[in-house]
Amino acid sequence: MTTRTDRYVTRRISDKVASVLSAAAVVAALLPLVALLSYVAIRGFRALTPALFTELPAPATGGGGIANAVVGTVELVALASLMGIPVGVLAGLFLAEYRDSVLARAVRFCADVLAGIPSILVGVVVYATVVVGMKRFSGLAGAVSLAILMLPLVTRTTDELARTVPESLREAAIALGAPRWRIALQVILRTAAPGIRGGVMLAVARVCGETAPLLFTAFDNDFWTTSPLEPTSTMQVRIFFYTLSPRDDRHGQAWAAALVLVALVMILHAVSRRLSRDPRSSS
Amino acid sequence: MNTTRSTPPPPPAPEATTKMRAEGLTAWFGEKRALKDITLPLVEHRVTAVIGPSGCGKSTFVRCLNRMHEVVPGARTKGDVLLDGRSIYARDVDPVRIRRRVGMVFQRPNPFPTMSIRDNVLAGLRLSGMEPDEPAVVVEETLRQAALWDEVKDALDRPGGALSGGQQQRLCIARCLALEPEVLLMDEPCSSLDPIATAKIEELIHELRDRYTIVIVTHSMQQAARVSDFTAFFYLGELVEYDHADVLFTKPSDPRTEDYITGRFG
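These protein sequence lines are chains A and B, in that order.
By the working numbering, the letter at position 32 of the first sequence is numbered 32, and the numbering carries on one by one without gaps.
Heads up: take any position in the second sequence, counting from 1, add 283, and you land on the working numbering.
One thing to keep in mind: the hints can contain errors.
Said to hold, decoys possible - Restraint ranges, calculated between C-beta atoms of paired labels, are given here: (1) V379/B / T164/A: 50 to 56 Å; (2) S447/B / R99/A: 32 to 38 Å; (3) E414/B / W224/A: 32 to 38 Å; (4) D529/B / W181/A: 44 to 50 Å; (5) D542/B / T164/A: 31 to 37 Å; (6) R441/B / F45/A: 44 to 50 Å; (7) I120/A / P415/B: 34 to 40 Å; (8) A25/A / D440/B: 25 to 31 Å; (9) D112/A / D440/B: 57 to 63 Å.
Unchecked claim - Some chain A residues flagged as far from chain B (calculated, every beta-carbon gap over 10 Å): (10) A35; (11) S168; (12) T191; (13) D220.
Read the hints as simulated data drawn from the structure, not as lab findings.
Predicted model, so just to flag it, every value in this text is computed and none were measured.
Beta carbons: idealized from backbone N, C-alpha and C, even for Gly.
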């Protein structure tokens, strides 16, 4: 027969064991992340030079930078956001507004499927349509594939957050004689805006590192591009090609580019957290 | 003994005009019938109180008066509601226009949390695509009408949600009044407020009755007796009795009304 003290001791032991196990799980989960970040940081810093951001790729003599690729990544992500965010937000509002209609269910299902599709497939489809159609690689084609990858994320985030807006606010707006589209834009979107902004930034951060779909859409370019209708260099694709290169200086530059890319993604995540903080609740 | 179905009451005040009138109004939520064959006049520039125990259909009734009932999925109505003698359920009537003429204040204050006090007052106009020429004038006049101006005139940029419950409810009333409705529906406007805030809303109702036709749903018989000119007693989705408030509360003709107002049930 167990006494009260016995049970107390067992309970204390199982508590200790559970704490140790969960602490170990945290370490196991964090270890790869810390290892990856520190490895990228160490290797990247060694090759990080001002020239990296100011000079074009140099020919076989070595040196030079990837200034055009840094600009290219930013340009492509900006273009993709311009296309993906408005469409995604409006689609998400539609889903939330007509949540149980057949069309909304179908669109929601498609968005979920699209979110799970390997990004290289999106690249192939854009290659077959835009690139083949224009008969050339282009920054625009790259941006289109990134926008397609952003779309389901933005749509579903908006959908989920718009549905958290209290029904009482919708009723208030309906009772004020507001038409449905104005309720969606001026009440629902506005109320859910902080969360949606954060979710949108996460979607932007997510496509920042996409490489596969750019390989056969934006491709690469050793020179400055003046138009999104030309092949455009990006850091991601540079990393890919430089890693394959036999030259040591290019390997270094690939590490440096990786560091810049990781920094960009981390900044976007930080911005996302800031944006999703509700200005009304932080006083 | 008593009548088996609610009988259309005689017009209680022949000299007064009827602003709205429900005629044989029946309402359902899916298969569940919430209202049964209601015929009831709403006299212009008078306060009509709707009382009855929980679930008697009083909220459903007022929500049929501005076509808010049909917003709930599966909800439908039969019968008709007349506004100035014209059906609001006719096929060519846009419910959006009806809702601008028949304003509504809800049980829980629901100002728009992302908008300032000023923007809340103007929200109804802006949501209808109307930008007032002189917004400052509209805001002041409307807040004065809602007896809120003196309390918030120095804080118009503060969020509407930062006000107290009673102030929020008066802000919601102001938001309605800014649209210059003809009828004001109030669905238990004081049920989440303390007695002082409640007294202020009741005072406000007294002031507003000259300009609006008011319908107030209330749980409190004392409140109905204090604010209303006419009172309707609903029970199990039926209109049991409708009369001048003083008559209904002192000499009810239906035993069920008497049981309710004497506190025997509900």
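Going through the hints against the structure:
1. V379/B / T164/A: 50 to 56 Å: violated (25 Å)
2. S447/B / R99/A: 32 to 38 Å: With a Cβ separation near 34 Å, S447/B and R99/A satisfy 32 to 38 Å, so the hint holds.
3. E414/B / W224/A: 32 to 38 Å: The hinted range 32 to 38 Å is violated for E414/B and W224/A, with Cβ atoms some 46 Å apart.
4. D529/B / W181/A: 44 to 50 Å: holds (48 Å)
5. D542/B / T164/A: 31 to 37 Å: This hint is violated: roughly 44 Å between Cβ atoms.
6. R441/B / F45/A: 44 to 50 Å: holds (49 Å)
7. I120/A / P415/B: 34 to 40 Å: For I120/A and P415/B the Cβ distance comes to about 55 Å; the hint is violated.
8. A25/A / D440/B: 25 to 31 Å: violated (49 Å)
9. D112/A / D440/B: 57 to 63 Å: violated (42 Å)
10. A35: holds (43 Å)
11. S168: Since the minimum Cβ distance to chain B is about 4 Å, S168/A lies within 10 Å and the statement is violated.
12. T191: Since the minimum Cβ distance to chain B is about 5 Å, T191/A lies within 10 Å and the statement is violated.
13. D220: holds (45 Å)
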